[in-house]
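Starting from the known structure of chain F, arrange chain X on it as the hints suggest.
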Amino acid sequence: MADSTVERLTGLIRETSSSLPADVLAALGAALRREKRGSPASEVLKTILDNCAVAAARGTPLCQDTGSLTFFVDESLRRRVTPEKLKAAVAAATAAGCLRRNTIDAVTGASRDDNCAEGAPAVHYVRPAGGGGRPSVALLMKGGGSENMSRQYSLPDAGLAAGRDLEGVRRCVLDAVQKTQGYGCAPGVLGVCIGGDRAAGYAVAKEQLLRPLDERPGRFEARLLREANSLGIGPMGLGGRTTLLGVKVAARTRVPASFFVTVAYMCWAVRRRSIQF
Amino acid sequence: MKQLVCPFSEKSVRGLAAGDAVAIHGRIYTGRDKFHKYFADGGRLPVDFRNGALYHCGPVVIERGGGYAVVSAGPTTSVRENAYEPAFIEASGVRVIIGKGGMDSATLAAMKKFGCVYIQAVGGGGAAYADSVKRVAGVSLLKEFGAAEAVWHLDVENFRGIVAMDARGRSLFDDVRLASLRRLEEMFRS
Numbered sequence: 001m002a003d004s005t006v007e008r009l010t011g012l013i014r015e016t017s018s019s020l021p022a023d024v025l026a027a028l029g030a031a032l033r034r035e036k037r038g039s040p041a042s043e044v045l046k047t048i049l050d051n052c053a054v055a056a057a058r059g060t061p062l063c064q065d066t067g068s069l070t071f072f073v074d075e076s077l078r079r080r081v082t083p084e085k086l087k088a089a090v091a092a093a094t095a096a097g098c099l100r101r102n103t104i105d106a107v108t109g110a111s112r113d114d115n116c117a118e119g120a121p122a123v124h125y126v127r128p129a130g131g132g133g134r135p136s137v138a139l140l141m142k143g144g145g146s147e148n149m150s151r152q153y154s155l156p157d158a159g160l161a162a163g164r165d166l167e168g169v170r171r172c173v174l175d176a177v178q179k180t181q182g183y184g185c186a187p188g189v190l191g192v193c194i195g196g197d198r199a200a201g202y203a204v205a206k207e208q209l210l211r212p213l214d215e216r217p218g219r220f221e222a223r224l225l226r227e228a229n230s231l232g233i234g235p236m237g238l239g240g241r242t243t244l245l246g247v248k249v250a251a252r253t254r255v256p257a258s259f260f261v262t263v264a265y266m267c268w269a270v271r272r273r274s275i276q277f
Numbered sequence: 001m002k003q004l005v006c007p008f009s010e011k012s013v014r015g016l017a018a019g020d021a022v023a024i025h026g027r028i029y030t031g032r033d034k035f036h037k038y039f040a041d042g043g044r045l046p047v048d049f050r051n052g053a054l055y056h057c058g059p060v061v062i063e064r065g066g067g068y069a070v071v072s073a074g075p076t077t078s079v080r081e082n083a084y085e086p087a088f089i090e091a092s093g094v095r096v097i098i099g100k101g102g103m104d105s106a107t108l109a110a111m112k113k114f115g116c117v118y119i120q121a122v123g124g125g126g127a128a129y130a131d132s133v134k135r136v137a138g139v140s141l142l143k144e145f146g147a148a149e150a151v152w153h154l155d156v157e158n159f160r161g162i163v164a165m166d167a168r169g170r171s172l173f174d175d176v177r178l179a180s181l182r183r184l185e186e187m188f189r190s
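First to last, the protein sequences are chains F and X.
Quick note on numbering: our numbering labels position 189 of the first sequence as 189, and the sequence is numbered without any gaps.
Quick note on numbering: our numbering labels position 177 of the second sequence as 177, and the sequence is numbered without any gaps.
Hints were generated in silico from the structure; no laboratory data involved.
Computed from a predicted structure; not experimentally measured.
Virtual Cβ for every residue (Gly too), placed ideally from N, Cα, C.
Worth double-checking, as some hints may not be accurate.
With a straight-line Cα cutoff of 20 Å, these simulated DMTMM-like cross-link-like pairs (lysine to aspartate or glutamate) come out [unchecked claim]:
#1 Lys46(F) to Asp23(F)
#2 Lys2(X) to Asp23(F)
#3 Lys46(F) to Asp104(X)
Reference listing, derived: stretches of chain X covered by chain F, where coverage requires no fewer than 3 residues with Cβ under 8 Å from a Cβ of chain F [as the list claims (entries may be wrong)]:
#4 135 to 144
#5 175 to 181
Simulated coverage check for chain F against chain X, where a stretch passes if three residues somewhere in it have a Cβ under 8 Å from a Cβ of chain X [claimed, not checked]:
#6 8 to 15
#7 61 to 70
#8 182 to 195
#9 266 to 273
Looking at chain X on its own, in the form it has when it is part of the complex:
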């Protein structure tokens, strides 16, 4: 298990290979559909993503003791952000994108060019990921986007995932899709 600690250096990110299991520690920020649309429409980034992490997630958050607590924080499907992500990677300097299901070849190319990786979190793993959130340090765009779409500032420990798209241009999803298609054709011939 490789340990990734925020801030993430370009060197540490480029050293990761598709298939590596990782544990993330430190600050990550959530951002999903409304956040990406806001960015594409010219909205000012509410936090500094340089050498940071973006998590495609709409958490269930409750108010507790004057602050916030995360009840469930699993990943949401990433493909919906394909259209926005290459420009976001270039403009923000983000090093780690966490989500579910992978992203397209244009995003993969941007990751290679600017030094960024995609980490697959486990879909449906909301309770375990909520457990790894040690503190909700803040929130941005809450009034504008609502709780499920806001940018939550989460301090995590031991947030586990798999590097599924690396900064060398390899996507585990593409490998698996191609191999399974070959196997299917083989079975259809037999």
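The following block holds chain F by itself, in its conformation from the complex:
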């Protein structure tokens, strides 16, 4: 029997998998205009934008690694958008070819035909920041190649001469970008969490990837973006002016003994989208 909530959620997955949000496309277009015509960076960015156009026109996944799915659901929708309905939508989207079979049992190695299992998809019920506005469901699809590039540092870090201050944080973030090179499918977006425990660090850093690229950056974020791009790593690590499209930083309280800096790397295929209910 058709369920309108499941249908809308299935549509959200299809859209997220096949087309990038406008702010990400604009950032990729701006990056292309900064590169010299005929350079490796310019050729890579052209292929990326062509790819986005083909995928959006056909409604097919823009990357074959459709990644892991994380839903952020407004607390007020808890009874309407249940984990069961989200799973039904994931199963339907998988059957329709919008998602690759991407869910592997970590012990047996068996692949799930419908991408549904314990913790897959990941579902977080969140209290929206500002009041007002209609309740929404946001989806983030993140490929494995970029997830492999996320890192966590513990300050102080002697190797980086990084102490327990913002200068130490800066060193961790720039080191992460240099170590990642093009492997996370640059130009990507960084979500950074200063503080928190290890688990909160990764969760909060990943959540920052939902923030739009066209919002006004903080001074520290702008500096990190400028310095990261001056490393010259470029699209897919072949050199160029744009290594990152954005840097989003958040902070959480910590205990005296711990000072973590967590960096979540998102590939250029920033697949995030939300719908309102």
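Chain X only, in chain F's frame:
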């Protein structure tokens, strides 16, 4: 944009330099983890790679009209094949390896010795590369490896990439890594 047409001659491959943008036309074969392991274990090559191209790719393929169609065909990470690739280059006579992220110095040395280049395809470019596949001409080792790991025979037109490791021993990845490390150290001093 340099045009590379299969079969690829040693001369045309040796004429390429790291940083060149290329468009590939003609037959390419996919092969990834299981294929390389199979080769290293003494398996017989299912197709003739001489003057040909190997693509590190696990495509999404569907059956259509009694044949196959490629839905998505972006590159997969190449470093996992480092251990196998020098021997494969020597034994197979392959001229072009397409993948993502580059390969190690032993592979670079084999490329120089035997005349082969590494072409970086764009990670995540699955839809655009699927568009450049004009025909699935066949498939090998499908039953043995499964669809994502089989050797697909793809006829492509205008498959775009960048020469990232050339047959003269230069790797763009190494250049960029070194320059970015120097710049990082410079920023840490300031």
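Hint by hint, work out which the structure violates, then give me just those numbers in ascending order.
-> 2, 3, 4 and 6
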